[in-house]
Amino acid sequence: MAARILSVVKLATKVTIAGGAVYVVYDSGLLGSSEQGAVALEKAKAAIPPAVDEWMKYFGVEAQLPTVPKMEFAPLEAWNSGVRWTISALSEAPTKASDYTYQGIQYIKDLTK
Amino acid sequence: MSEKELGKKWDRCLADAAVKLGTGLGLGIVFSVIFFKRHTWPISLGSGAGLGMAYANCQNDLRSHYMLRKNEKVSICF
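If you read the sequences in order, they're chains A and B. Counting from 1, position 34 in the first sequence corresponds to residue 34 in our numbering; the numbering is continuous, with no gaps. Counting from 1, position 64 in the second sequence corresponds to residue 64 in our numbering; the numbering is continuous, with no gaps.
Mixed in with the good hints, there may be bad ones.
The calculated DSS-like cross-link candidates involving lysine-lysine, where the alpha carbons are at most 27 Å apart (straight line), are [what the hints assert, rightly or not]:
| hint | chain 1 | residue 1 | chain 2 | residue 2 |
| --- | --- | --- | --- | --- |
| 1 | A | Lys-43 | B | Lys-4 |
| 2 | A | Lys-113 | A | Lys-96 |
| 3 | B | Lys-4 | B | Lys-70 |
| 4 | A | Lys-43 | B | Lys-70 |
| 5 | B | Lys-9 | A | Lys-45 |
| 6 | B | Lys-73 | B | Lys-9 |
| 7 | A | Lys-57 | A | Lys-43 |
| 8 | B | Lys-70 | A | Lys-45 |
| 9 | B | Lys-37 | A | Lys-14 |
| 10 | B | Lys-9 | B | Lys-70 |
| 11 | B | Lys-73 | A | Lys-43 |
| 12 | A | Lys-57 | A | Lys-45 |
| 13 | A | Lys-10 | B | Lys-37 |
| 14 | B | Lys-4 | A | Lys-45 |
On the chain A side, residues computed to face chain B include the following (Cβ under 8 Å) [what the hints assert, rightly or not]:
| hint | residue |
| --- | --- |
| 15 | Arg-4 |
| 16 | Ile-17 |
| 17 | Val-22 |
| 18 | Val-25 |
| 19 | Leu-31 |
| 20 | Glu-35 |
| 21 | Gly-37 |
| 22 | Ala-38 |
| 23 | Leu-76 |
The calculated label-pair distances, taken between Cβ atoms and stated as ranges, are [unchecked claim]:
| hint | chain 1 | residue 1 | chain 2 | residue 2 | range |
| --- | --- | --- | --- | --- | --- |
| 24 | A | Tyr-102 | B | Lys-4 | 43 to 51 Å |
| 25 | A | Tyr-23 | B | Gly-48 | 18 to 26 Å |
| 26 | A | Tyr-102 | B | Gly-7 | 39 to 47 Å |
| 27 | B | Arg-69 | A | Gly-29 | 22 to 30 Å |
| 28 | A | Leu-11 | B | His-65 | 46 to 54 Å |
| 29 | A | Tyr-100 | B | Gly-7 | 34 to 42 Å |
| 30 | A | Ala-89 | B | Val-74 | 19 to 27 Å |
| 31 | A | Pro-75 | B | Ser-64 | 21 to 29 Å |
| 32 | B | Ile-76 | A | Tyr-100 | 54 to 62 Å |
| 33 | B | Ile-34 | A | Ala-44 | 22 to 30 Å |
| 34 | A | Tyr-100 | B | Met-67 | 49 to 57 Å |
| 35 | B | Met-67 | A | Pro-75 | 20 to 28 Å |
If you're looking for bench data, these hints aren't it; they were derived computationally from the structure. Ideal Cβ placement from N, Cα and C applies to all residues, glycine included.
The shape of chain A in the complex, shown without the other chains (with noise of 0.2 Å):
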């Protein structure tokens, strides 16, 4: 009897437990629009360094978190200019394979004078 209502318990514990979950997280715009996830990841974000500074408090530790860099990087940008740079190094190859072999061989007549 005892054992039967101990298992009862127990499974009405988990489902609370694994419910509870499921509904925070329905709740807090996870499993919404794009615009509800990109909202909560900034707030996520935002709510780390004093989070990770609050228990750094709690064990006592006082070391410093390394600052993540601020990254300027665009990667638009950065593959823009790649695609122009490598298109205009592929015009520009044959002209220049011609000076360096024709400057090759001007240097190589100078050391065999």
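Put chain B on the given structure of chain A with help from the hints.
Just chain B now, kept in the frame of chain A:
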């Protein structure tokens, strides 16, 4: 769609994918530990479902620019 708008949409897509992957992973871990005796499959299922939801959201977001809405007027030029 201007490049700026497209860039913002991609940013939103990536952020959303990260959030949904994390959420799916988390929920998968919770369910795996609580109900499924620490098997791996709920975790894989959760992460996969999260990624799938993010993909669908991204697809809708990128297509929404070209969708006609009910009250919008479209001009036809010859």
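So, going through the hints one by one against the coordinates:
Simply put, Lys-43 of chain A and Lys-4 of chain B have alpha-carbon atoms about 23 Å apart, close enough for the 27 Å limit, and the pair holds. Distance restraint check for Lys-113 of chain A and Lys-96 of chain A: the Cα-Cα separation of roughly 26 Å lies within the 27 Å cut-off, and the hinted pair is therefore satisfied. A C-alpha spacing of about 26 Å is found between Lys-4 of chain B and Lys-70 of chain B, which places the hinted pair at or below 27 Å, so the restraint holds. Of the supplied pair hints, the one linking Lys-43 of chain A and Lys-70 of chain B is violated, its CA atoms being roughly 34 Å apart against a limit of 27 Å.
Using a Cα cut-off of 27 Å, the hinted pair Lys-9 of chain B and Lys-45 of chain A holds, with the two alpha carbons roughly 19 Å apart. Between the alpha carbons of Lys-73 of chain B and Lys-9 of chain B the distance comes to roughly 24 Å, so the proposed pair stays at or under 27 Å and holds. With a C-alpha separation of about 22 Å, the suggested pair Lys-57 of chain A and Lys-43 of chain A falls inside the 27 Å cut-off, and the hint holds. Simply put, Lys-70 of chain B and Lys-45 of chain A have alpha-carbon atoms about 38 Å apart, too far for the 27 Å limit, and the pair is violated.
As the CA atoms of Lys-37 of chain B and Lys-14 of chain A are separated by approximately 12 Å, the hinted pair is consistent with the 27 Å bound. Restraint check for Lys-9 of chain B and Lys-70 of chain B: the C-alpha separation of about 23 Å stays at or below 27 Å, so the hint holds. Between Lys-73 of chain B and Lys-43 of chain A, the direct Cα distance comes to roughly 38 Å. Violation of the 27 Å bound is thereby established for this hinted pair. Only pairs whose Cα atoms come within 27 Å are accepted, and Lys-57 of chain A paired with Lys-45 of chain A is accepted, the gap being roughly 20 Å.
At most 27 Å may separate the alpha-carbon atoms for a hinted pair to count; Lys-10 of chain A and Lys-37 of chain B meet this at roughly 14 Å. Restraint check for Lys-4 of chain B and Lys-45 of chain A: satisfied, since their Cα atoms lie roughly 23 Å apart, inside the 27 Å limit. Look at Arg-4 of chain A: its Cβ only gets to about 19 Å from chain B, farther than 8 Å, so that hint breaks. For Ile-17 of chain A, the suggested interface contact is upheld, since its CB lies about 6 Å from the closest CB of chain B, less than 8 Å.
Given hint, Val-22 of chain A at the interface with chain B, holds; its Cβ is 7 Å from that chain's nearest Cβ, closer than 8 Å. Among the interface hints, the one on Val-25 of chain A holds; its C-beta lies about 6 Å from the nearest C-beta in chain B, closer than the 8 Å criterion. The beta carbon of Leu-31 of chain A is positioned within 8 Å of a beta carbon in chain B (closest approach about 7 Å), and the interface hint is therefore held. Proximity of Glu-35 of chain A to chain B holds as hinted, the smallest CB-CB distance being about 7 Å (cut-off 8 Å).
Taking 8 Å as the C-beta cut-off, the interface hint given for Gly-37 of chain A holds, the closest approach to chain B being about 4 Å. Proximity of Ala-38 of chain A to chain B holds as hinted, the smallest CB-CB distance being about 4 Å (cut-off 8 Å). Evaluation of the Leu-76 of chain A hint against chain B yields a held restraint, the C-beta minimum of about 6 Å falling below 8 Å. For Tyr-102 of chain A paired with Lys-4 of chain B, a C-beta distance near 47 Å keeps the hint of 43 to 51 Å intact.
Roughly 22 Å separates the CB atoms of Tyr-23 of chain A and Gly-48 of chain B, a value that falls within the hinted 18 to 26 Å. About 45 Å separates the C-beta atoms of Tyr-102 of chain A and Gly-7 of chain B, a value consistent with the hinted range of 39 to 47 Å. Distance hint check for Arg-69 of chain B and Gly-29 of chain A: the Cβ-Cβ separation is about 24 Å, which falls inside the suggested range of 22 to 30 Å. Distance hint check: the CB atoms of Leu-11 of chain A and His-65 of chain B are about 49 Å apart, consistent with the given range 46 to 54 Å.
One distance hint, 34 to 42 Å for the beta-carbon pair Tyr-100 of chain A and Gly-7 of chain B, holds here, with the actual separation near 40 Å. The hinted range of 19 to 27 Å is not satisfied by Ala-89 of chain A and Val-74 of chain B, whose Cβ atoms lie roughly 44 Å apart. Roughly 23 Å separates the CB atoms of Pro-75 of chain A and Ser-64 of chain B, a value that falls within the hinted 21 to 29 Å. Between Ile-76 of chain B and Tyr-100 of chain A the beta carbons are some 57 Å apart, a value that agrees with the proposed interval 54 to 62 Å.
The beta-carbon spacing between Ile-34 of chain B and Ala-44 of chain A, approximately 24 Å, falls within the hinted interval of 22 to 30 Å. Look at Tyr-100 of chain A against Met-67 of chain B: about 55 Å separates their beta carbons, and that is inside 49 to 57 Å. For the hinted restraint 20 to 28 Å between Met-67 of chain B and Pro-75 of chain A, the CB-CB distance of approximately 27 Å keeps it satisfied.
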